[in-house]
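K.L.:
Listed below, chain by chain, are the residues.
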Amino acid sequence: MEKRVTFRGWLLPLLLIAPQVIISAVFFFYPAGQAIWQSLFIPDPFGLSSQFVGLGNFEFLLTDKFYRASFVTTAVFSILVTLCSMIPALFLAVLADRLIKGSGVYRTLLIWPYAVAPAVAGVLWLFMFNTRVGVVSWYLGQLGYDWNHVLNGNEAMGLVVVASAWGRISYNFLFFFAALQAVPRSVIEAAAIDGAHFWRRFFTIVLPLLSPTTFFLLVVNIVYAFFETFGVIHTITSGGPQQATTILVYKVFSDGFVGQDLGSSSAQSVILLIVVGLLTVVQFKYIEKRVHY
Amino acid sequence: MKKTLISGLALATALSAPLAASAQTEIQFWHAFTGRLGELVKAQVEEFNASQSDYTVVESHKGNYSETLNAGIAAFRAGEQPHILMVFEVGTATMMAAEGAIKPVYEVMAESGAEFDPDAYIGAVKGYYTTTDGQMLSLPFNSSTPVLWVNRDAMEAAGVDPDTDLSTWQKVDAVLEQLKAGGEECPLVTAWQSWIHLENFSAYHDVPFASKDNGFGGVDTELMLNGEAQVAHLSAMGQWAKDGEFIYTGRRNEGGANFRAGDCALFTESSAGYAGISSEAEFDFDVRPLPYWEGVGNAPQNTIIGGASLWVLSGHDDAEYKGVGEFLSFLSSTDVQAKWHQDTGYLPITVAAGDATRASGFYDENPGTDVAVIQMTANQPTGNSKGLRLGSFDQIRGIIDEELEAIWSGDKTAQEAMDSAKERGDALLRRFESANR
Numbered sequence: 001m002e003k004r005v006t007f008r009g010w011l012l013p014l015l016l017i018a019p020q021v022i023i024s025a026v027f028f029f030y031p032a033g034q035a036i037w038q039s040l041f042i043p044d045p046f047g048l049s050s051q052f053v054g055l056g057n058f059e060f061l062l063t064d065k066f067y068r069a070s071f072v073t074t075a076v077f078s079i080l081v082t083l084c085s086m087i088p089a090l091f092l093a094v095l096a097d098r099l100i101k102g103s104g105v106y107r108t109l110l111i112w113p114y115a116v117a118p119a120v121a122g123v124l125w126l127f128m129f130n131t132r133v134g135v136v137s138w139y140l141g142q143l144g145y146d147w148n149h150v151l152n153g154n155e156a157m158g159l160v161v162v163a164s165a166w167g168r169i170s171y172n173f174l175f176f177f178a179a180l181q182a183v184p185r186s187v188i189e190a191a192a193i194d195g196a197h198f199w200r201r202f203f204t205i206v207l208p209l210l211s212p213t214t215f216f217l218l219v220v221n222i223v224y225a226f227f228e229t230f231g232v233i234h235t236i237t238s239g240g241p242q243q244a245t246t247i248l249v250y251k252v253f254s255d256g257f258v259g260q261d262l263g264s265s266s267a268q269s270v271i272l273l274i275v276v277g278l279l280t281v282v283q284f285k286y287i288e289k290r291v292h293y
Numbered sequence: 001m002k003k004t005l006i007s008g009l010a011l012a013t014a015l016s017a018p019l020a021a022s023a024q025t026e027i028q029f030w031h032a033f034t035g036r037l038g039e040l041v042k043a044q045v046e047e048f049n050a051s052q053s054d055y056t057v058v059e060s061h062k063g064n065y066s067e068t069l070n071a072g073i074a075a076f077r078a079g080e081q082p083h084i085l086m087v088f089e090v091g092t093a094t095m096m097a098a099e100g101a102i103k104p105v106y107e108v109m110a111e112s113g114a115e116f117d118p119d120a121y122i123g124a125v126k127g128y129y130t131t132t133d134g135q136m137l138s139l140p141f142n143s144s145t146p147v148l149w150v151n152r153d154a155m156e157a158a159g160v161d162p163d164t165d166l167s168t169w170q171k172v173d174a175v176l177e178q179l180k181a182g183g184e185e186c187p188l189v190t191a192w193q194s195w196i197h198l199e200n201f202s203a204y205h206d207v208p209f210a211s212k213d214n215g216f217g218g219v220d221t222e223l224m225l226n227g228e229a230q231v232a233h234l235s236a237m238g239q240w241a242k243d244g245e246f247i248y249t250g251r252r253n254e255g256g257a258n259f260r261a262g263d264c265a266l267f268t269e270s271s272a273g274y275a276g277i278s279s280e281a282e283f284d285f286d287v288r289p290l291p292y293w294e295g296v297g298n299a300p301q302n303t304i305i306g307g308a309s310l311w312v313l314s315g316h317d318d319a320e321y322k323g324v325g326e327f328l329s330f331l332s333s334t335d336v337q338a339k340w341h342q343d344t345g346y347l348p349i350t351v352a353a354g355d356a357t358r359a360s361g362f363y364d365e366n367p368g369t370d371v372a373v374i375q376m377t378a379n380q381p382t383g384n385s386k387g388l389r390l391g392s393f394d395q396i397r398g399i400i401d402e403e404l405e406a407i408w409s410g411d412k413t414a415q416e417a418m419d420s421a422k423e424r425g426d427a428l429l430r431r432f433e434s435a436n437r
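Keeping their order, the protein sequence lines are chains A and B.
Position 7, counted from 1, in the first sequence is what our numbering calls 7; the numbers after and before it change by one each time, with no gaps.
Position 92, counted from 1, in the second sequence is what our numbering calls 92; the numbers after and before it change by one each time, with no gaps.
Heads up, some of the hints might be wrong.
[To be verified] Lysine-lysine pairs mimicking BS3-like chemistry, simulated, CA-CA at most 30 Å apart: (1) A/K65 <-> B/K103; (2) B/K412 <-> B/K171; (3) B/K62 <-> A/K65; (4) A/K65 <-> B/K339; (5) B/K103 <-> B/K242; (6) B/K339 <-> B/K62; (7) B/K62 <-> B/K103; (8) B/K212 <-> B/K412.
Source of the hints: derived by calculation from the structure; they are not laboratory data.
Computed from a predicted model, the values in this text were never measured in an experiment.
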């Protein structure tokens with residue numbers, strides 16, 4: 001029987017949740033409401049006048065085949081970023097978990113990249129892969145591979161994925177590492193005595209026990225890839241070459257803050273909000289069923 | 001009692017009024033310059049502040065061109081706008097359409113009584129920022145135009161006479177082939193591809209880039225960059241890219257690093273590249289006029305400018321505008337302009353400043369620094385070569401960049417790419433039209 005604590009009356013509970021409600025209202029509901037309202041207009045940049053266009057902004061976007069293509073680009077980008085940031089993180093966490101000595105040093109070193117802001121990470125990676133002075137592109141050149149992300153869309157995509165995923169590996173590592181520590185030793189030892197080798201133990205015991213963490217990280221990383229990566233894109237490719245790395249959130253940023261088209265930018269953020277909302281619902285409805293708590 | 005209080009107040013006001021007027025009026029000036037250019041702007045402002053005691057100009061750097069424009073717009077929305085805002089040429093149509101947000105420069109000058117002669121400014125520079133009936137809306141500040149930079153050492157190393165005539169693209173075409181054959185890995189590189197190879201290309205050949213005199217005639221304009229001349233030029237460049245004779249380095253001026261390091265032989269870039277190239281290049285270089293296609297359009301007509309102008313924003317006091325007028329008049333004065341032109345490689349904005357520079361012997365000591373001036377002023381600008389005035393142009397340039405990349409990578413023909421650029425750009429122009437109806 002679950003133990004429940006109930007409050008008498010309404011005032012105290014309301015007061016207790018008030019800070020959270022107020023913060024959500026001011027920093028989330030109000031701006032989101034503004035975005036929905038503005039998405040119905042084409043305003044001029046200075047806010048001197050605006051034309052009511054109803055759903056015109058949405059029509060303009062959805063009939064644009066380049067905008068529709070950027071959904072695919074975003075999907076590819078998000079999946080790649082999520083995979084490239086979660087798999088290495090899990091691998092590193094498993095290795096660090098097995099260390100007996102010096103795991104503190106490894107942990108600290110592995111967490112460092114998380115402290116680097118996305119835009120700065122973008123510049124770092126861009127510098128390494130710079131087609132003229134980049135260290136990595138120079139070595140690739142020595143190996144006979146002509147690196148040119150300025151014209152090659154796949155290389156550009158690879159570069160922004162790596163730059164976006166890099167800092168996230170640290171974040172994911174932290175969670176995986178903590179979750180691994182929570183896996184009961186006794187179960188693993190029992191399996192080891194029964195003769196299960198390391199990878200067998202990993203896949204049949206550890207991984208299922210990690211599933212709540214994995215699921216949480218999946219949701220969080222997809223949200224990250226959708227919303228927080230425009231700094232990396234802006235510094236490395238500006239969405240190019242052609243539209244190879246124009247993801248939805250980058251277009252929101254560039255149309256709004258470079259192109260001064262606030263109506264279209266608002267409409268795009270509304271669409272993005274719906275997409276991420278749907279994605280999260282899908283994740284909770286279908287994937288969460290397979291999570292063991 | 002009450003009466004004395006009121007008269008006391010009135011007296012205090014009367015006494016303090018002249019005091020307030022004698023205190024210095026502050027004028028905010030937001031710009032986009034850092035580094036050497038930032039220092040030069042600061043020096044200009046300090047000189048102005050020292051030259052009189054009525055006004056203090058306060059300069060602040062607000063990021064790159066786009067960021068400065070954004071900062072100005074955001075400040076205007078919040079009612080905290082500066083008096084003077086630097087806006088790059090691409091933002092001209094946006095500013096022009098914002099009638100309630102700006103105070104035209106001709107009006108500021110007329111009201112302030114400061115010295116102002118619109119005819120003193122170089123036509124091709126002034127034309128970009130004036131209305132169709134000749135009223136100057138913003139003050140040209142830093143203007144440049146594309147030229148051809150030549151690495152003479154690289155030419156020689158590839159066995160090509162560095163004095164070869166490079167005035168036409170036909171001749172350049174042959175030279176590129178020779179350079180390639182001579183072992184040069186980067187015969188041609190460019191900066192600002194849309195500005196140089198489409199916008200300036202069109203003006204230089206006197207073919208339209210957009211209808212309605214490139215947008216000067218109204219916001220119901222359409223792109224015409226998929227014309228025969230432009231497509232032929234881009235096809236040739238696409239072929240050079242395919243043959244490894246033209247190396248693409250990026251949408252902005254990334255190619256400058258390659259050229260300054262001596263990696264490339266020919267470089268199409270702004271005349272304002274002078275400061276960087278002259279200080280960094282460890283090779284013998286030349287400035288030549290931008291090449292044109294012999295027999296296409298009316299080439300060579302004149303090239304157009306890039307750079308920024310100063311806009312005066314509305315919502316301030318008359319007394320402050322008087323100071324703005326004084327400051328703008330100071331900036332246009334011959335000595336200030338001549339010094340700016342010689343220090344930066346930007347064009348002089350007045351005819352007198354150009355003459356003063358010539359008289360001082362600067363052009364003789366620094367050969368090639370007058371190429372841009374000659375190229376811009378050679379002919380009276382036509383409807384196709386006055387400049388561009390297109391809304392959402394920052395975004396349209398982005399679209400053009402994308403489509404050009406499709407040509408360089410061989411994914412599209414020049415015709416396909418430009419047709420697509422027109423279709424996508426026109427959609428944005430229609431949006432701009434409806435936002436500014």
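K.L.:
Checking each numbered hint in turn, tell me which of them this model violates, lowest number first.
P.N.:
1, 3, 4 and 5
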